[in-house]
Amino acid sequence: MSCPITSKAELAKLSPAKAEELDGFLTSLPLTEDREKNRGFLIQSLHKAQEIFTYLPSVVQIHVANRLGLHLAEVNGVISFYSYFTDKPVGKYKINICTGTACFVKGADKLVDEFQRYLGLKVGETGTDGKFSLINLRCVGACSMAPVVMVNERVYGKVTTKMVPEIISDCK
Amino acid sequence: MIDTPAKLNSHAEKLAKAKAKTGSTILVSLGTCGIAAGGRPIQEKLVAEAAARKAEIEIVEVGCMGLCHSEPTLEVINNSTGKSVIYGNVKLDQVPAIIETASKGIEAASCEVLKPSWFYPEDNETATAERIQARIVLKNTGKINPEIIDQYLAVKGYQALSKAVHEMTSQQVIDTIIESGLRGRGGGGFPTGKKWAFAAAQKNDQKFVLCNADEGDPGAFMDRAVLEGDPHSVLEAMAITGYAINSNTGIIYIRAEYPLAVKRLEIAIEQAKKLGLLGDNILGSKFCFDIQIKYGAGAFVCGEETALIHSVEGKRGEPTVKPPFPAIQGLWKKPTVVNNVETFANVCAIIRNGAAWFKKIGTAGSPGTKVFALAGKVKKVGLVEVPMGTTLRQIIFTVGGGIMNDRKFKAVQTGGPSGGCIKFDQIDTEIDYESLKRLGSMMGSGGMIVMDEDDCMVNVAKFFLEFTLDESCGKCTPCRIGNKRLFEMLTRICDGRGTMQTIQDLKDLSYTIKDTALCGLGQTSPNPVLSTIAQFENEYLGHIKDKRCEAGVCKSLLKFEINEKCVGCTLCARNCPASCITGSVKQRHSIDQNKCLKCGVCMEVCKFHAVERK
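Chains as they are written, first to last, in the numbering used here: chain A, 1 to 172; chain B, 1 to 614.
One chain only, chain B, in its complex shape (with noise of 0.2 Å):
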């Protein structure tokens, strides 16, 4: 039992002395990621192998590292130097190398070494050329093991929450939150510490602390790697804010598709009130805070806080009109703050270190950090946490590797189903929440997807057009009918059966949804539409005009034809799944266009590249 902020104090310091100062110690990645792509098995042999030589190395298992393009990924830390080696891509039949070089502080040789690009603020503030990326909310992710709440302790864990209650008033911990700058990481970007004082000024009996973890943004996976990784960061913070608003119940809302990210949470949780830093009189003062975890069950509108807030109420997750906001008026009609797990996580670091120390980092108007997960197209596929202010082309090209296969940038998509592309031409541009605003885009929740030249930006739009027309809870007609409509419009232009009229209406019907929806994700879902005819308004005329489909994607638009390169050899009609090739041996083959299924597989097959895609 914890009970003073003396005993926290004596117990880190205990922690840290108890540290291995000999050995090694060898950090497995073992989120969702990692055990997806066979680090499971990798950590078993690593502490067979480690028993069976009786060497002094300690296996952890940690959350996700953010290289998720090189899982299972390891790291090697000599014990005695503090110095590290990152693994990638790591096989079975390496793990006795590794283990006989761990102790001696060299790199295995059959393995490959990753150059890691971060650098932790709090403890080093310099960011060198290669190191771009800046860890606050990923601090510990990786780092440590998140079912051992002893080992979040001994890295300054729960000292926030001691200093606020200790050592600050409520009101102290909202300006503190309120000087940092802190912006709502969920996608909204609304000033965190405005919220807590509005819910702080309402008198009521009950208030609660709401942590969005319904992260349904597809692509996106920032928050469950943080959920996985370092669970206490979260429960930590959810106490502070309880304690900032007067609130003595938090609650958890998390999708029921993160299975590994409710265990650990559970672990956590159970494991902060054994040692009295959740429950009743936290570390020996007044403050009682218990949180508990409650299921979505799969609606992205969910992440809307009025839709979650009636989730979480039993109700279907429809949203209501704001005002009266959550913060007035929420959860059971009590005053209630939702903030999204990343935001959380930034919780605690800016109560430790002051909001000057928050301040230093980031852009002016948006201080901090801000994680993405970068995916889709791109050689180095992983999790990203770089300051705000960092452009495009950094996060793309250095910390990501650059487009895969070596095909051409064609666009990056930010904010998910809500938000926009983003064309090569502005790729230098400094992020934060209003740069990306001004370029039809949005932050979002953090994803990232990159896309090549075979990406055709129609389908594209049309693609996140579909996922609204499934996630549209269908209370207000703009989002339920309109919706429908711009993806009707969008499927004609991709069949070749739109006209320049098409344009023009799919415009002006995205804005009158806009205008008239009743929640963000009505409001926004037509930006997808909007920032592709804005960026690439020359593919929209390719379907229109030229009937054609530049980047070979809409089947409609597509036709296969053999050329004067054919030797008759007959594998493209063998292979053909239509039947629809015929020709004599040794003889130009030709394509029956009424039959064919336009799969490609024939120009696929073809050695002599002499199928043409038109």
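Pulled out of the complex, with its shape left as it was, chain A reads as follows (with noise of 0.2 Å):
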């Protein structure tokens, strides 16, 4: 295991005032020396280091693992496992179109063929630019508004085909 200050001075590189923010947090868990304990408090890290970096880059799971003295895999293991955690870089409008049940049957296919065809994107991709990544979200619990996009925390409800054009433009 590398040592805990290399990974921090690697972080700050980043962002010294994010690096700070991540570390601080870190630091007031209540750590020990048991990996198996420390391990509990692995996802909600991530959520703190998401939330700070937007995503996990590999210079934020190393610090993780570090601090937690779990082995950089694990940290690793544990992101790919979950779909709220990503490590490639998210675009400032992350559009989340909902694929629920209800949205399904409500026609959410037709406007991911829309969205899809509008950005140049495809599901999962951010463009160049940085502006827009096109999410596929599994039921943000609005189903009586479905078929339902989500702008960042904007919610769009009985979004049609028609819509998408408007919702781009209001991504100013």
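A few chain B residues facing chain A, derived, Cβ under 10 Å:
{"hint": "1", "residue": "ASP217"}
{"hint": "2", "residue": "PRO218"}
{"hint": "3", "residue": "LEU374"}
{"hint": "4", "residue": "GLY382"}
{"hint": "5", "residue": "PRO417"}
{"hint": "6", "residue": "MET451"}
{"hint": "7", "residue": "ASP452"}
{"hint": "8", "residue": "VAL460"}
{"hint": "9", "residue": "CYS599"}
Derived from the structure by calculation, the hints contain no laboratory data.
Every residue gets a Cβ at the ideal spot worked out from N, C-alpha and C, and that includes glycine.
Since each chain comes alone in its own frame, lean on the hints to assemble the complex.
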């Protein structure tokens, strides 16, 4: 296992303020020598890290692994398992198309096609300019407004393919 | 600090006395759907208008009322008479009229008035024909402000916990729950009391109470509504469980996708601790109990209890073989009771009112109520809580108002990706755990998606398989590879490349997966396939033999043609994204089938019904 100090220094190269914020959070956890107990804090640490850095690049993963006394492979294994975590940068606007059952029966697949065509992106991709990411989401629980599209925190209900340009132009 | 049962009672009495006897109270539904539909500005305007008129009106933020189809929703209660009016689809400009009429006990003329269909079996056990819903779980949801503990205390809050720790032994609590016949509402239907008894019988210095709030089933939002609308009922029930099994630690495992529920839970925990209703020596007894929140990170399989436990431990959420059951060896290898949010939400009412009361509601094998998230092609999408034994017809057609746009009902899907589809001729089935299983579906967590004649059942099966493929953890071969093969076969049928052998192969492989997969997710994943084959075999045959998708969903099997009604207006040609429609003005047009994308735009824009889908 590498030295914790080095990994923090590497992290600081990304952004000193963000590195400090994450490190402060990790320090506040009641961590011990017991790896198994520390592991219980892994998912919440990753949530925090992703909140700070918007994604989880390898330097972040290494730092979290070091501080919790876990192997990088274990941390990476958790990130790749859960759909909420991403190790790739995401766009400024995350266009989440709900593809839960209620949205599906109300034509979410047509919206997926139209967004892909309009933005020239496939689901799961981020545009080269870093502005938009197209994401499939499983149910936000707003089934009464199906089909639903969520752009960052903003929810659009009863979306039709005709509304796609309008939704994109709201992202200014 | 409330440290004795007497103080709890006198506090509740004080709150009851302090309750306004004059003026009006306006409840504003502000759950996730209410906020998304624009409830927040309505609430702000209500507050501003009421203040401007110096009206004697209290505006209260509440959780989801269950009337999601008509959000923003509000309920105006006349405090002196107790009568109330519910307004739906409220618009900002209607707010002044609502405030104007609120205190007079009359309905604002410009608003849509809704009739509630529920009753509360604790106060009023009579159900008239139009009152199909019975509220136990959702009793306070949409009635009290979830962020103010006093509102919960005013409606007998924490009295069940007080009764348990002061008047009952642990064994009596367990016996009451066993006697009530309460079964796990997460889908499995395992008797809750038995689960508790197993954990209670373990001799261990540390045990855990885990609340499963990882509502991953797409199209289900019951647990979210309870946590957003009545978080204390879950906290109180977890503490009662802790008392019953001799545990001092509760953990709520909640989806990160539910930020509002998390926020309200955090507030509730803090308030309960401050009053001494959680923490050390609860209500002056020797019992101590603390609750923490752990976040999920988006994995459907984590609804399975062993996978959930691994996720709390910070590992990949992969299930393990049972036994050992979590009640014997669960979180950190300690005895652990895992219950769903809705199961917990039943506990306090049972402890307060007794097992006999609970058994009067519902059916003999499945007492109590069940909350369903009614969605899809139904007119009134929303949360519905009905006694077990209510028929699907009552839920879909009476409470749900029937099918949207007056289309024909085709099927209702229950149990999410583990469930199945139920046809019209079975719609009078009285639902409980067993009856749904007999129909090849299951209760599941309570998602209920209604489909009409425009839905292709083969495609629906394919949709659920795609979901399972995404969510399969990959640990066992039947689920990881078997479901992939099922998905490919369904894709072949939807593309018109299926044969009769494909149906046989689908069935064979489905049964193999059911028999051999490791966990509940894998074992139930072929259910959507088997149930659609059993109920809608003709649609499979249509795709295979006639190369036809009756619902007009499977693109490869569609063909658009222009008939003699065409007047040559060129509208279709101008709108066609593939530029594959040719023809001169005032001449009948034609579609180049080789270039056609089958998007259907020509059919949508044609004013003369000249485009036919075949």
